[in-house]
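> With the hints as extra help, turn the sequences into a complete structure.
Number of protein chains: 2
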Amino acid sequence: MAISNIRYGEGVTKEIGMDLQNLGARRVCLMTDKNLSQLPPVNAVLNSLAKYGINFQMYDNVRVEPTDQSFLDAIKFAKKGEFDAYVAVGGGSVIDTCKAANLYASSPTSDFLDYVNAPIGKGKPVTVPLKPLIAVPTTAGTGSETTGVAIFDFKQLKVKTGIASRAIKPTLGIIDPLHTLSMPERIVANSGFDVLCHALESYTALPYNMRSPCPSNPINRPAYQGSNPISDVWALHALRIVAKYLKRAIRNPEDREARANMHLASAFAGIGFGNAGVHLCHGMSYPISGLVKTYKPKDYNVDHSLVPHGLSVVLTSPAVFTFTAQIHPERHLEAAEILGADIRTARIKDAGFILADTLRKFLFDLNVDDGLAAIGYSKADIPALVKGTLPQERVTKLSPRPQTEEDLSALFEASMKLY
Amino acid sequence: MAISNIRYGEGVTKEIGMDLQNLGARRVCLMTDKNLSQLPPVNAVLNSLAKYGINFQMYDNVRVEPTDQSFLDAIKFAKKGEFDAYVAVGGGSVIDTCKAANLYASSPTSDFLDYVNAPIGKGKPVTVPLKPLIAVPTTAGTGSETTGVAIFDFKQLKVKTGIASRAIKPTLGIIDPLHTLSMPERIVANSGFDVLCHALESYTALPYNMRSPCPSNPINRPAYQGSNPISDVWALHALRIVAKYLKRAIRNPEDREARANMHLASAFAGIGFGNAGVHLCHGMSYPISGLVKTYKPKDYNVDHSLVPHGLSVVLTSPAVFTFTAQIHPERHLEAAEILGADIRTARIKDAGFILADTLRKFLFDLNVDDGLAAIGYSKADIPALVKGTLPQERVTKLSPRPQTEEDLSALFEASMKLY
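Chains as they are written, first to last, in the numbering used here: chain A, -12 to 406; chain B, -12 to 406.
These are calculated hints, taken from the structure and not from any lab test.
The reader is advised that the hints may include incorrect statements.
Pairs count within a copy or across copies, as identical chains cannot be separated in the list.
Derived BS3-like pairs (lysine-lysine); straight-line CA-CA distance at most 30 Å [claimed, not checked]:
#	residue 1	residue 2
1	K66	K336
2	K111	K1
3	K1	K384
4	K336	K231
5	K63	K38
6	K66	K348
7	K142	K234
8	K111	K38
What follows is the structure, given as structure tokens:
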């Protein structure tokens, strides 16, 4: 497995101008979003670019929860700019958009669908060389700085999908916990839930040696390989940090220790799931986000309705892990224990219920909306949610337990109300 | 931090011909040693090269515990062969020799000392592009498949030193636990002690943010960065595996679970120390190996006297950790607990003694020679051992506690007898 380069430390962002000099960059594309463009993380980057005389153009039009249209807009900017390096400052939306911009600007004759995951796109392997991309995450959630995945909302199908290739993995991730101090409470919470699910899903994913098809040539193997002894280390370590620090990070913006640890946990879980993959919480989350009606979450300063990614992922987690525990109950029980459950008298066959119950308590304590119903869905929406999950084979096939349409339908139904 | 690519699984060696095809390799240099050239790991590689029609030349003249002369011989072979890819099949000696061969064949006008660590060599940064190198480790110890370090015995100074650069890190490490089944008992033990010390030293190394000098430009920072939150994960995980499996792997060659886990632990500890660094056990081990008199270890089929690397490292470990515990006693106590000590009533100020005592018991149980005296050293050798340690600044500076010549002298003296 390949792992990204990351650099960690308070204030390390100020070195980015030197990194770009070392790369010999002469025309840099700096990507961010409108909110962040006014905030300290972007300022820190701008100061360093100025100090080291780096020539750049800024694109601050990234859409939070990007779409094919917003990707195409960023790609157009990148093609026109003829950049020789990219810097992404933001959460997963910014980093993912920047990956796509770098990819298509480096492969200018490709059709947009060429690299989009099959069966929605053609899922072609990336063979063109890309420009260096330095990612500076400002949330503690996606781990996008360590992965070769870029997710977007494909509007005409009303479904999230993405591009997955080792080729789009950032050259360097700069993990500077100072940036997490700008995050409002719900962004800390929702991005933290994404870390939680990355860790839980990659730890419970289908083992690497049971995945099929298993192409004989290593070059044809997917980025998501199934759970393995290396991703397990990252998943468990990230889960332990979530258990210890997520609540503290949400409740107290001044708790630098907690926020710094969650920032690292995001990268750790990213390295884990970037190799092992995720499964049903993520697969089912894409239609939950894609079909959003009028939900507008607290603390997100945007003009469109959206279900934040971490929230769309975590709301189905109690149902999903009840369902998957049948396959690796001992791993589910271990995860429950890490998250605080007392398992001394637990029966292994109850592992799924115990983990689900632990998750429900965790979410209740953190004021999470009470299930899919609370964000605007009803039973009538279930067929559409199921239909939107079916094309997410890239991840749903990594579920340890295969699932029918009826199973998916039951999982959505069980997620309507959590408490 | 950068981490190598590794692939893990029983039998994955058979894919190496495809990997070389994917790399477009037309002239491959296969390096190994005389013993291994007759054993299953090399056979597995040869079969795969034949199956995929890979053109190669074999160099099987690698010296176990290599010297500057043996490096130069391999370099000469590499220069003459004009290879476009390298495959190293063996323990640290083979992989390190292959790294050096690749480096100097890629930089043919360089003087040998140019890249050797200062102050012994010039320690120049590597700026030439190297050819791909695939490492297939056959011991469970060095973790060389994951690091940018190549160690050799510099004969005229009677001291071990090396080359350290991210540029010489293998492109891919193939961790195939089948190969560990060929290892005789003492090779399992000694290479396992190397893993043990990699984990203990990198976990207790000077923290990354206390190291000096700290070059402002990231490109000038050393490969060994000091202990950090990422290397800590690997060090602790490797230590837990050593605690659980090393004795089993040594005692029972048929215990595939134990041998496979130690094979992975070697790579894990390598990723950890390859970023954090090691300190006094390693720094002091180089003269212990370099000044060897007549010691010939069991199970090593060689015609020269040698102190196996893992043995030279572990013999000073009780003394070293007693000395360093003054700085991070809680980490030393944690390590002792992982290795089996009952620390419920332990006092933090006794952490060093407790870890040392745990290590002594561990080594006694595994029939390790009773200290430096048992491998041929006496008090009269201490000045020479100290003198051989002084140039090892690359690692000794990473000790959490600075040390004078008197301190080193006392550490060697305390290591003369263990039990």
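> Next step is simple, just say for each hint if it's right about the structure.
Here's how the hints hold up against the structure:
1. K66 - K336: neither (55 Å within a copy, 62 Å between copies)
2. K111 - K1: between (37 Å within a copy, 26 Å between copies)
3. K1 - K384: between (42 Å within a copy, 27 Å between copies)
4. K336 - K231: both (27 Å within a copy, 27 Å between copies)
5. K63 - K38: Within one copy only: 28 Å inside a chain, 46 Å across chains, cut-off 30 Å.
6. K66 - K348: neither (48 Å within a copy, 65 Å between copies)
7. K142 - K234: neither (34 Å within a copy, 58 Å between copies)
8. K111 - K38: Between copies only: 28 Å across, 40 Å inside.
Violation of the numbered hints given earlier is confined to hints 1, 6 and 7; the remaining hints are satisfied by the structure.
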